[in-house]
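Could you put together the complete structure from these sequences and hints?
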Amino acid sequence: MAPPPVSDAQLIARVVIQDDRHAFSELVRRHQSAVRATLRRLTSGNHALADDLAQETFMLAYRNLKSFRQEARFSTWLYRIATNAFLADARKRKEELLGDGDAELADEGPDMPHLDETAGDLARGTALKLDLERALAVLSDGERAAIVQCYHNDLSHEEAAYVLDVPVGTVKTHILRAKQKLKVRLGAWAPQEDA
Amino acid sequence: MTTTTSPRESGMPPDDWLDAALRTEGTAHRDEYVDDDGFTARVMSALPPPAGLPAWRKPALAVLWAVAGAGVALALPGLLNDVVREVLRILGAQPVSLAGIATAVGGLAAASWAAAAYTLRRT
Numbered sequence: 001m002a003p004p005p006v007s008d009a010q011l012i013a014r015v016v017i018q019d020d021r022h023a024f025s026e027l028v029r030r031h032q033s034a035v036r037a038t039l040r041r042l043t044s045g046n047h048a049l050a051d052d053l054a055q056e057t058f059m060l061a062y063r064n065l066k067s068f069r070q071e072a073r074f075s076t077w078l079y080r081i082a083t084n085a086f087l088a089d090a091r092k093r094k095e096e097l098l099g100d101g102d103a104e105l106a107d108e109g110p111d112m113p114h115l116d117e118t119a120g121d122l123a124r125g126t127a128l129k130l131d132l133e134r135a136l137a138v139l140s141d142g143e144r145a146a147i148v149q150c151y152h153n154d155l156s157h158e159e160a161a162y163v164l165d166v167p168v169g170t171v172k173t174h175i176l177r178a179k180q181k182l183k184v185r186l187g188a189w190a191p192q193e194d195a
Numbered sequence: 001m002t003t004t005t006s007p008r009e010s011g012m013p014p015d016d017w018l019d020a021a022l023r024t025e026g027t028a029h030r031d032e033y034v035d036d037d038g039f040t041a042r043v044m045s046a047l048p049p050p051a052g053l054p055a056w057r058k059p060a061l062a063v064l065w066a067v068a069g070a071g072v073a074l075a076l077p078g079l080l081n082d083v084v085r086e087v088l089r090i091l092g093a094q095p096v097s098l099a100g101i102a103t104a105v106g107g108l109a110a111a112s113w114a115a116a117a118y119t120l121r122r123t
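Residue numbers (this note's numbering), protein chains in the order written: chain A, 1 to 195; chain B, 1 to 123.
The set of hints was computed from the structure by calculation and includes no laboratory data.
Covered by chain B, according to a simulated footprint, are these stretches of chain A (three or more residues, beta-carbon under 8 Å): (1) 22-33; (2) 55-67; (3) 143-153; (4) 177-184.
Incomplete in silico selection of chain A near chain B, CB under 7 Å: (5) Arg36; (6) Ala37; (7) Leu128; (8) Pro191.
Where a beta carbon is used, it is the ideal one built from N, C-alpha and C, also for glycine.
Rendered as structure tokens:
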């Protein structure tokens, strides 16, 4: 019979008490996909930057593991570190990685669907997915981070507030504004009665 | 942390097409697995080396033992002579036999081996 899987908490204890590198590598292996996928969303598909930030995230997690108090899930704690790393990097570069959403909205107007009305549901869904990804890229860093945490990582507003280190009200505001921008950007995808 | 509010139960209209699109996109995102592809090895190789004993520890211990020994020697000046004399007297009183010598050598070898094994394990 296979031994029961070791929990994250047990692995964390081994790392903190014995500096067990094998335990930490198991934690990295378990969570690398979610952290890297989240950072890929935050960086709008820049895989190289996302992986650099993911590595920085796990390095910071290793250094600060003693301060992890289990007040949130380990994965949520990692999202918090990853999001902070992303926002700090964006500030440090002093460039608008993903552009000014409002300006682009004003300049370009809504995206048009890539396929005509006769296209199948699958193709239509793929086209919407692509347009959605492009539209997410024009949001501010905070707005995009809120959307990614709440929709992609399925966190509650409270958990997203913990990850983003902002009040819950700010998370709700970010999401509201983000959705307003996305609705304008993706207006052509709205159902007829909604448009 | 408690999970009390999620996007789908935060007052958003159920017929919100954008909300539905975001949720569909989010589900696809969660189902997506990013292959490790050497990432874990990259992280592990970038970790700082394991913390060893500080370089000053051994000399500091030697100094402390020397100070302790000198302190004992000063406090009890005749102790060393008494101990050596008594050990020699006891040994002299014992009948010397081949079996006794073999036992003593064996005991010393076992103690040395155990000490070496313990030291190597710690290293």
